[in-house]
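Enquirer: Spelled out from the first residue to the last, the chains are:
2 protein chains.
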Amino acid sequence: MDLWYTEKQTENFGITAKITRTYVDEQTDFQHLAMIDTNEWGRMLVLDGMVMTTVRDEFVYHEMVAHPALVTHPDPKRVLVVGGGDGGVIREVLKHPKVEKAVLVEIDGKVIEYSKKYLPEIAGELDNPRVEVIVDDGYMHIAKQKGAYDVIMVDSTEPVGPAVELFSKGFYQGIFEALKEDGIFVAQTDNPWFKSDLIRSVNRDVKEIFPIVRVYCANIPTYPSGLWTFTMGSKKHDPLAVNEASIPEMDTKYYTPRLHKAAFALPKFVEDLVK
Amino acid sequence: MDLWYTEKQTENFGITAKITRTYVDEQTDFQHLAMIDTNEWGRMLVLDGMVMTTVRDEFVYHEMVAHPALVTHPDPKRVLVVGGGDGGVIREVLKHPKVEKAVLVEIDGKVIEYSKKYLPEIAGELDNPRVEVIVDDGYMHIAKQKGAYDVIMVDSTEPVGPAVELFSKGFYQGIFEALKEDGIFVAQTDNPWFKSDLIRSVNRDVKEIFPIVRVYCANIPTYPSGLWTFTMGSKKHDPLAVNEASIPEMDTKYYTPRLHKAAFALPKFVEDLVK
Chain A
0 MDLWYTEKQT ENFGITAKIT RTYVDEQTDF QHLAMIDTNE WGRMLVLDGM
50 VMTTVRDEFV YHEMVAHPAL VTHPDPKRVL VVGGGDGGVI REVLKHPKVE
100 KAVLVEIDGK VIEYSKKYLP EIAGELDNPR VEVIVDDGYM HIAKQKGAYD
150 VIMVDSTEPV GPAVELFSKG FYQGIFEALK EDGIFVAQTD NPWFKSDLIR
200 SVNRDVKEIF PIVRVYCANI PTYPSGLWTF TMGSKKHDPL AVNEASIPEM
250 DTKYYTPRLH KAAFALPKFV EDLVK
Chain B
0 MDLWYTEKQT ENFGITAKIT RTYVDEQTDF QHLAMIDTNE WGRMLVLDGM
50 VMTTVRDEFV YHEMVAHPAL VTHPDPKRVL VVGGGDGGVI REVLKHPKVE
100 KAVLVEIDGK VIEYSKKYLP EIAGELDNPR VEVIVDDGYM HIAKQKGAYD
150 VIMVDSTEPV GPAVELFSKG FYQGIFEALK EDGIFVAQTD NPWFKSDLIR
200 SVNRDVKEIF PIVRVYCANI PTYPSGLWTF TMGSKKHDPL AVNEASIPEM
250 DTKYYTPRLH KAAFALPKFV EDLVK
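Residue numbers (numbering that gives the first Met the number 0), protein chains in the order written: chain A, 0 to 274; chain B, 0 to 274.
To be clear, the hints were calculated from the coordinates, so they are not data collected in a lab.
In this text the structure is predicted, and so the values were computed from the model without any measurement.
Note that beta-carbon positions come from the ideal geometry of N, C-alpha and C, so glycine has one too.
Don't take every hint at face value.
Distance condition first, Cα-Cα at most 25 Å in a straight line; then the derived PhoX-like pairs of lysine-lysine [said to hold, decoys possible]:
id, chain 1, residue 1, chain 2, residue 2
1, A, K7, B, K7
2, B, K17, A, K17
3, A, K94, A, K116
4, A, K235, A, K97
5, A, K7, B, K17
6, B, K194, A, K17
7, A, K235, A, K274
8, B, K7, A, K17
9, B, K143, B, K235
10, A, K194, B, K17
11, B, K97, B, K252
12, A, K143, A, K234
13, B, K206, B, K145
14, A, K260, B, K260
15, A, K252, A, K97
16, B, K206, B, K194
17, B, K260, B, K206
18, A, K267, B, K267
19, B, K267, A, K252
20, A, K260, B, K252
21, B, K267, A, K260
22, B, K252, A, K194
23, B, K252, A, K267
24, B, K206, A, K252
25, A, K252, B, K260
26, A, K235, A, K100
27, B, K260, A, K267
28, B, K143, B, K100
29, B, K252, A, K274
30, B, K274, A, K252
31, A, K252, B, K194
32, B, K94, A, K267
33, B, K206, B, K143
With the C-beta cut set under 8 Å, the calculated list includes, among others, these residues of chain A facing chain B [what the hints assert, rightly or not]:
id, residue
34, F12
35, G13
36, I14
37, T15
38, W192
39, K252
40, Y253
Looking at chain A on its own, in the form it has when it is part of the complex:
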């Protein structure tokens, strides 16, 4: 029997992938969670009907959340990841030897549990001694922190379900206060083809809080439109001022020192959204 998983990325468009096995298909306390095997992308984590990560293309998203900010900050000792229970961003964060402590705050413990069990190539570093895993509401955690982190990364789902408040101005203000005086934050901010209003409003909000705001893109084939944006807010350090020659070659499959500044060169229609 041919089984296909189809995600309607919009009301009128979607992707469809042949699947060979379903491991998890359940409602957690926060969202619907599925873990399936696909022929094209390998094992896939799906939350509320949206592809979160696949074994084949996960490197793009996880590298591009982690490295631009960590390369921009000269001394990122303490890093917070909000969301990201699959552990992929944490794995990339740990590639930076200056990071002494990486804290993960994920609201849904089931994402962590199933990722450790079914996605060991992604979640494998969650037990690293430099990592602290906290199962809690990211918004509430941020609100309690003052000047605590060098870098904060928001690895949330799209702004539906538990992630809605992670796209609010109050959250970005909380992040500003949770950062040290030269702190940097970065968030995944969806795609410009179907979510241009979201990108525009997030950009406006972040610009009212952070003196330096930059947007960059990466290609993620299993995400809607394949073109993903990330918004960076920084108190002091500008990612465009980084000297390419000073960026270390890391064990990556997408990010390179040569790609660092290039990722911030936006297609015109995206540039126009965040002017």
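Given chain A's structure and the hints, the job is docking chain B onto it.
Expert: For chain B alone, kept in the frame of chain A given last:
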């Protein structure tokens, strides 16, 4: 009744789009041709079951075929487009005032006919007096030209059906000879997620013929994986040596002077394919 067009981009993965109307669904002398209206992407041209262009996202592909090469060549008077019967590349080529003559050689007259009828926003410049349209085999046309063109663009379908020979080394050798002594050519060379072998072999072939070979990418949401590569072969002028400040601002939605060099900064896994 809900009608959906599904393209299996690989055996195990595809895209699906809700459609509202079918205008053409026929076998031409060369390929199957469909013209349909979709809710998400507007009108769509489909050849042999592969999305060729849509009204909503066509600008990415057409701009990114045309502008990088035309900006690199200091005086592109005579330009040849092989394939591209929808006229989108021609429209972009004409944005460069130095172009005196743009020749289109399309093997399938039906693509031109239906594009003029159903895609006027794309095909509208095919009747421009600076344009000559020839319905002929691109491979044979190239073989007859010697030192005739400043820039040659290959806007073909994927290497199936009539386009197979447009990915052969003999064709690239013919292009080299059809170009003037400082000529440049560019070809769409598919996507690195599903067609890495093709990109690798094209790159190897072109490097054996042209002294300067560069690969760049763009995001095209309705093409497989969303990440598209273009391969440029040049006799003299290097696209990476272009001074950004000298690039004119044009009426574009994707390409910008700021994006010119950035497009050549490749994801690591693509860089590795064309090393």
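Enquirer: Compare the structure with each hint and give your call.
Expert: Hint by hint, here is what the structure shows:
In summary, the hint linking K7/A to K7/B is supported, as the alpha carbons are separated by about 15 Å, within the 25 Å threshold. Under the criterion of a C-alpha separation no larger than 25 Å, the hint pairing K17/B with K17/A is consistent with the structure, at around 20 Å. With a C-alpha separation of about 22 Å, the suggested pair K94/A and K116/A falls inside the 25 Å cut-off, and the hint holds. Between K235/A and K97/A the alpha-carbon distance is near 19 Å, which keeps this suggested pair within the 25 Å criterion.
Distance check on the hinted pair: K7/A and K17/B sit about 10 Å apart at the alpha-carbon level, within 25 Å; holds. Of the pairs offered as hints, the one joining K194/B and K17/A holds, with about 19 Å between alpha carbons and a cut-off of 25 Å not exceeded. At roughly 20 Å between alpha-carbon atoms, K235/A and K274/A fall within 25 Å of each other, so this suggested pair holds. Restraint check for K7/B and K17/A: satisfied, since their Cα atoms lie roughly 10 Å apart, inside the 25 Å limit.
A C-alpha spacing of about 23 Å is found between K143/B and K235/B, which places the hinted pair at or below 25 Å, so the restraint holds. With a CA separation close to 19 Å, the supplied pair K194/A and K17/B stays within the 25 Å bound. Proposed proximity of K97/B and K252/B is supported: the alpha carbons are some 21 Å apart, at most 25 Å. For the hint pairing K143/A with K234/A, the CA-to-CA distance comes to about 19 Å; that is within 25 Å, so the pair holds.
For the hint pairing K206/B with K145/B, the CA-to-CA distance comes to about 20 Å; that is within 25 Å, so the pair holds. The hinted pair formed by K260/A and K260/B meets the criterion: a straight-line CA distance of about 10 Å does not exceed 25 Å. For a cut-off of 25 Å, the pair hint linking K252/A to K97/A stands: about 21 Å separates their Cα positions. Proximity of K206/B to K194/B is assessed by CA-CA distance (about 19 Å); at most 25 Å being required, the pair is judged to hold.
At most 25 Å may separate the alpha-carbon atoms for a hinted pair to count; K260/B and K206/B meet this at roughly 20 Å. About 24 Å separates the Cα atoms of K267/A and K267/B, which keeps this hinted pair within 25 Å; it holds. For the hint pairing K267/B with K252/A, the CA-to-CA distance comes to about 5 Å; that is within 25 Å, so the pair holds. Straight-line distance between C-alpha atoms of K260/A and K252/B comes to about 20 Å, which keeps the hinted pair within the 25 Å bound.
Between K267/B and K260/A the alpha-carbon distance is near 14 Å, which keeps this suggested pair within the 25 Å criterion. A hinted pair counts as satisfied when its Cα atoms are at most 25 Å apart, and K252/B with K194/A qualifies at roughly 17 Å. Between K252/B and K267/A, the direct Cα distance comes to roughly 5 Å. Compliance with the 25 Å bound is thereby established for this hinted pair. About 24 Å separates the Cα atoms of K206/B and K252/A, which keeps this hinted pair within 25 Å; it holds.
Proposed proximity of K252/A and K260/B is supported: the alpha carbons are some 21 Å apart, at most 25 Å. Only pairs whose Cα atoms come within 25 Å are accepted, and K235/A paired with K100/A is accepted, the gap being roughly 21 Å. Using a Cα cut-off of 25 Å, the hinted pair K260/B and K267/A holds, with the two alpha carbons roughly 14 Å apart. Pair hint K143/B plus K100/B holds up; C-alpha atoms about 18 Å apart against a cutoff of 25 Å.
As the CA atoms of K252/B and K274/A are separated by approximately 14 Å, the hinted pair is consistent with the 25 Å bound. Between the alpha carbons of K274/B and K252/A the distance comes to roughly 14 Å, so the proposed pair stays at or under 25 Å and holds. In summary, the hint linking K252/A to K194/B is supported, as the alpha carbons are separated by about 17 Å, within the 25 Å threshold. Taking the CA atoms of K94/B and K267/A, the gap is near 16 Å; set against the 25 Å cutoff, the hint holds.
This hinted pair checks out: K206/B and K143/B have alpha carbons roughly 23 Å apart, not beyond 25 Å. The criterion of a C-beta within 8 Å of any C-beta in chain B is met by F12/A, whose closest approach is roughly 4 Å, and the hint holds. Of the supplied interface hints, the one on G13/A holds, with its beta-carbon coming within about 5 Å of a beta-carbon of chain B, less than 8 Å. Of the supplied interface hints, the one on I14/A holds, with its beta-carbon coming within about 6 Å of a beta-carbon of chain B, less than 8 Å.
A cut of 8 Å between beta carbons decides the hint on T15/A: the least distance to chain B is about 5 Å, and the hint holds. Hint status for W192/A: holds, given a least beta-carbon distance of 6 Å to chain B, under 8 Å. For K252/A, the suggested interface contact is upheld, since its CB lies about 5 Å from the closest CB of chain B, less than 8 Å. Checking Y253/A against chain B: minimum C-beta separation of about 5 Å stays under 8 Å; hint holds.
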